[in-house]
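Spelled out, the chains give:
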Amino acid sequence: MGRFWAIMSRDLTLARRQGADLAMTVSFFVVVVVLFPLGLGPTPGQLAEIAPAVLWVTALLAAMLSFDRLFQQDAEDGGLDQLALSGLPLAVVALAKALAHWLTTGLPMIVLAPLLAITLNLNTEAYGALILGFVLGTPIVSLFGTVGAALVVGARRAGVLVALIVLPLTIPVLIFGTLAIDAAANGLPIRVHLLMLSAMLAAAIPLAPLAAGAALRQALE
Amino acid sequence: MHRFANPTRFLRLANAVLPWLGGLTVILFGVGLYQALVISPADYQQGETVRIMYVHVPAAWAALSGYTALAIASFTFLVWRHPLADLAARAASPIGAGFTAIALVTGALWGQPMWGTWWVWDARLTSVLILFFLYLGHMALVNAFDDSDRGSRAGAVLALVGVVNLPIIKFSVDWWNTLHQPASVLRMDGPKIAGEMMTPLMIMAGAYFALFGVLMILRIRSLLAARRLRQLRLAVQET
Numbered sequence: 001m002g003r004f005w006a007i008m009s010r011d012l013t014l015a016r017r018q019g020a021d022l023a024m025t026v027s028f029f030v031v032v033v034v035l036f037p038l039g040l041g042p043t044p045g046q047l048a049e050i051a052p053a054v055l056w057v058t059a060l061l062a063a064m065l066s067f068d069r070l071f072q073q074d075a076e077d078g079g080l081d082q083l084a085l086s087g088l089p090l091a092v093v094a095l096a097k098a099l100a101h102w103l104t105t106g107l108p109m110i111v112l113a114p115l116l117a118i119t120l121n122l123n124t125e126a127y128g129a130l131i132l133g134f135v136l137g138t139p140i141v142s143l144f145g146t147v148g149a150a151l152v153v154g155a156r157r158a159g160v161l162v163a164l165i166v167l168p169l170t171i172p173v174l175i176f177g178t179l180a181i182d183a184a185a186n187g188l189p190i191r192v193h194l195l196m197l198s199a200m201l202a203a204a205i206p207l208a209p210l211a212a213g214a215a216l217r218q219a220l221e
Numbered sequence: 001m002h003r004f005a006n007p008t009r010f011l012r013l014a015n016a017v018l019p020w021l022g023g024l025t026v027i028l029f030g031v032g033l034y035q036a037l038v039i040s041p042a043d044y045q046q047g048e049t050v051r052i053m054y055v056h057v058p059a060a061w062a063a064l065s066g067y068t069a070l071a072i073a074s075f076t077f078l079v080w081r082h083p084l085a086d087l088a089a090r091a092a093s094p095i096g097a098g099f100t101a102i103a104l105v106t107g108a109l110w111g112q113p114m115w116g117t118w119w120v121w122d123a124r125l126t127s128v129l130i131l132f133f134l135y136l137g138h139m140a141l142v143n144a145f146d147d148s149d150r151g152s153r154a155g156a157v158l159a160l161v162g163v164v165n166l167p168i169i170k171f172s173v174d175w176w177n178t179l180h181q182p183a184s185v186l187r188m189d190g191p192k193i194a195g196e197m198m199t200p201l202m203i204m205a206g207a208y209f210a211l212f213g214v215l216m217i218l219r220i221r222s223l224l225a226a227r228r229l230r231q232l233r234l235a236v237q238e239t
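So the protein sequences, as listed, match chains A and B.
For the first sequence, this note's numbering assigns the number 221 to the last residue and increments by one with no breaks.
For the second sequence, this note's numbering assigns the number 239 to the last residue and increments by one with no breaks.
Hints were generated in silico from the structure; no laboratory data involved.
Hints may contain errors.
Claimed, not checked - Facing chain B, according to a computed beta carbon distance under 7 angstroms, are these residues of chain A, among others:
(1) Gly2
(2) Ala6
(3) Met8
(4) Ser9
(5) Pro108
(6) Ile110
(7) Leu112
(8) Ala155
(9) Arg156
(10) Leu174
(11) Ala215
(12) Leu220
Stated by the list, open to error - Negatives, chain A to chain B, calculated, CB over 12 angstroms:
(13) Gly19
(14) Val92
(15) Leu107
(16) Leu151
(17) Glu221
Glycine included, each C-beta is placed from N, C-alpha and C at the ideal position.
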């Protein structure tokens, strides 16, 4: 357990000291969302209608930007070999990495999403669904992204490749995340959509680190 | 299985089987298309459009079986490190992607007159589209490394991750209320399809799977040749 926290706190420390990397991902999220009102023109009804999709799609794209460096740096400086020798199963290493990734990119996006939703004139009833959906959905994205990042270690053009691999897997998250917000905005029950997201999260927490661990083992050979 | 992991033995067997399988493919497609397009009756509701089904449904079956084959080959490669399993996986993904594309396009052509739209975002169509993206991702990943063996291993892990999508595709029509009709051939209480339509459908399915086999053999053979060529080039450079 101590080693798990050590890996996680190392990643968090790195993220804090290299604050620019973290800020870039989050700024990308903000800038792209703000582009939509500018592109569409300030018609409040129209904006409110596309707000769920804009927030979720942009969050996914912003997350994709951060995955290619998740293991690449460690693989280049030999840190990954050290992690493999630490005696900790690689799946647990992957879980620690995913958790650190979520804390540094998922969590800021959960905080920012409601603020950005105001600029998109999202229906006030929908904020609960937006926040709950992000709380349940962004960890899934981090976990899937960890699998993708482990797969592309050492690849050419890893950044594009990881998006190509991970984005299709995140389509269900996008679907149920936006469905929940739409349902809430129209006064419909959101429970079923949030339950689907919870089920996906419950499946992803044990399975995605296993897959990422297997991918890391292949990368280390 | 280990017996056929030897590339030379595989090539001997494949070369012996290929003409027969090729002939079978041609015959099955000839008979199947004649049955499906000429002999079988038009549907009382769909009219002549029902004939698209004979091209569409077997393509979808082949697309799913292709992914299953890809996953089995990937698993075999990861566990036993058979080089031939790696080649089978590399061969399967473009072929599977091709069948998936056929299923998607013929489905759209059928949907336009029947549903009044080329495409709907229902669960079945979306999950098959994800299958298509998974094939594309696999193809991109296996070729993304300078060390081709590293690409094979990464691709194998990705192929196994994507297996999650197979039950979702199969049961999407039962779990969600979709525009796509539920299963009518593979169901617990027996097939729900008229005999004169079932026969051509099964012949066409046989034709698609035979074609799948032919394409697999051709691609594995060319991949083997490419690998040998690369080894020879390296050997020449070293001397």
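Taking the hints in turn, this is what the structure says about them:
1. Gly2: 29 angstroms, violated
2. Ala6: 26 angstroms, violated
3. Met8: Violated, because the Cβ-Cβ distance from Met8(A) to chain B comes to roughly 23 angstroms (cut-off 7 angstroms).
4. Ser9: Not OK, violated: Ser9(A) not within 7 angstroms of chain B, min 28 angstroms.
5. Pro108: Constraint on Pro108(A) not satisfied, violated at 27 angstroms.
6. Ile110: It is violated, given that the least Cβ distance between Ile110(A) and chain B is near 25 angstroms, above 7 angstroms.
7. Leu112: Where the cut-off is 7 angstroms and the nearest Cβ of chain B is about 28 angstroms from Leu112(A), the hint is violated.
8. Ala155: Interface hint status for Ala155(A): holds (4 angstroms vs cutoff 7 angstroms).
9. Arg156: 6 angstroms, holds
10. Leu174: Since the shortest Cβ distance to chain B is 11 angstroms, the answer is violated.
11. Ala215: 5 angstroms, holds
12. Leu220: 10 angstroms, violated
13. Gly19: Given a closest Cβ separation of 30 angstroms, the condition holds.
14. Val92: Given that every Cβ of chain B is farther than 12 angstroms from that of Val92(A), nearest at about 17 angstroms, it holds.
15. Leu107: Answer for Leu107(A): holds, closest chain B Cβ roughly 25 angstroms.
16. Leu151: Violated: least Cβ distance 5 angstroms, not greater than 12 angstroms.
17. Glu221: Label violated. Min Cβ-Cβ 7 angstroms, cutoff 12 angstroms.
Figure legend: structure checked against the earlier numbered hints; hints not met, in rising order: 1, 2, 3, 4, 5, 6, 7, 10, 12, 16, 17.
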